[in-house]
Amino acid sequence: MNASPLLNQVAFTLGPVAVSVPVVVTWGIMAALAVGSGVLTRALHLRASRAQMALELIVTSIDSQIEATVQSDAAPFRVLVGTLFLFVLAANWIAVIPGVEPPTAHLETDAALAATVFVATIGYGIRANGLWGYLRTFAEPSWVMVPLNLVEQITRTLSLMVRLFGNVMSGVFVVGIVLSLAGLLVPIPLMALDLLTGAVQAYIFAILATVFIAAALGENRQKPADTVLKGPV
Amino acid sequence: MDYLKLASILGAAMAVSFGAIGPALAEGRAVAAAMEAIARQPEAAGTLSRTLFVGLAMIETMAIYCLVIALLLLFANPYVQ
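If you read the protein sequences in the order shown, they are chains Z and W. So in the working numbering, the last one in the first sequence is 233, and the numbering has no gaps at all. So in the working numbering, the last one in the second sequence is 81, and the numbering has no gaps at all.
If we strip away everything but chain Z, and leave its shape as in the complex, we get (with noise of 0.2 angstroms):
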């Protein structure tokens, strides 16, 4: 036990800047994401294929639970959304590669994610009430609520990037420890239980996500288009 969990490996060194293996490993992650979501959408058809059949699932599915969450329509959240859900939950399964740490296991692509959400619940805010509305909304039971609401905007984009970091970072520490002290086949169990820990803050963090974004929209919402203009052609 001598690698502390808040120091990043360097991978190489890009002139002066020291890129870290975290860095390498997410941009592994986002370049099979959207090649592979490149590849899969490029000949869609009627008639839908495995792979096809495959993607709207996971899209509806993600659909339907935004829906389920902000009660509008799923559109204008999907791409941010969607793309958290799957980026979060790919990084925290890349661990079952061997010799792959999971990039969220620290603390920098957390912050950025959560910097992300921040900065997305402002520009939702901002476009379904204006910028007037939007800073209204802070006053929304009283003006004694200012500071606390300002403080809650701080605190809950903390909690989400502290959140995912202490979940995933906390598991590949106890697979290393039992790893150390028991050897061999002996952490599988655990690595299980961090594949089932990975997909529910994955689905947590999606979820949240939609909740500070609908929560920011206030009572401007689209209604749910009709089912007709949603479904198959």
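Rather than coming from a laboratory, the hints here were simulated on the basis of the structure. Some clues are possibly wrong.
Pair ranges (Cβ atoms, derived) [to be verified]:
{"no.": "1", "chain 1": "Z", "residue 1": "V200", "chain 2": "W", "residue 2": "A44", "range": "14 to 24 angstroms"}
{"no.": "2", "chain 1": "W", "residue 1": "I21", "chain 2": "Z", "residue 2": "L44", "range": "46 to 56 angstroms"}
{"no.": "3", "chain 1": "W", "residue 1": "E36", "chain 2": "Z", "residue 2": "Q52", "range": "36 to 46 angstroms"}
{"no.": "4", "chain 1": "Z", "residue 1": "L185", "chain 2": "W", "residue 2": "R40", "range": "38 to 48 angstroms"}
{"no.": "5", "chain 1": "W", "residue 1": "G46", "chain 2": "Z", "residue 2": "A11", "range": "35 to 45 angstroms"}
{"no.": "6", "chain 1": "W", "residue 1": "L72", "chain 2": "Z", "residue 2": "V39", "range": "40 to 50 angstroms"}
{"no.": "7", "chain 1": "W", "residue 1": "G46", "chain 2": "Z", "residue 2": "Q52", "range": "18 to 28 angstroms"}
{"no.": "8", "chain 1": "W", "residue 1": "L72", "chain 2": "Z", "residue 2": "L185", "range": "31 to 41 angstroms"}
{"no.": "9", "chain 1": "Z", "residue 1": "L44", "chain 2": "W", "residue 2": "L72", "range": "41 to 51 angstroms"}
Where chain W lies over chain Z, by a calculated footprint (3+ residues, C-beta under 8 angstroms) [unchecked claim]:
{"no.": "10", "stretch": "149–163"}
{"no.": "11", "stretch": "196–204"}
{"no.": "12", "stretch": "207–217"}
Computed from a predicted model, the values in this text were never measured in an experiment. Here a beta-carbon is modelled for each residue, glycine too, at the ideal position from N, C-alpha and C.
With the hints as your guide, set chain W onto chain Z.
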């Protein structure tokens, strides 16, 4: 041994052990309530379990905070060189 290091280790252990009590009790209560609600109204299981997951994540965050404090004490302690 340095007293500061000893205090850090003790502090980390106490942070995790006492910090786990509250969230453990709270999660037990939340799951019990959700199971009772699902038993009463099985058709609402989807909504209930989604809300339960989000609530559990909120509760669990408290325990995770304690874990992070413990790790800061052990690995990034500003008072121990």
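Among the hints numbered above, which are violated by the structure, and what are their numbers in rising order? none
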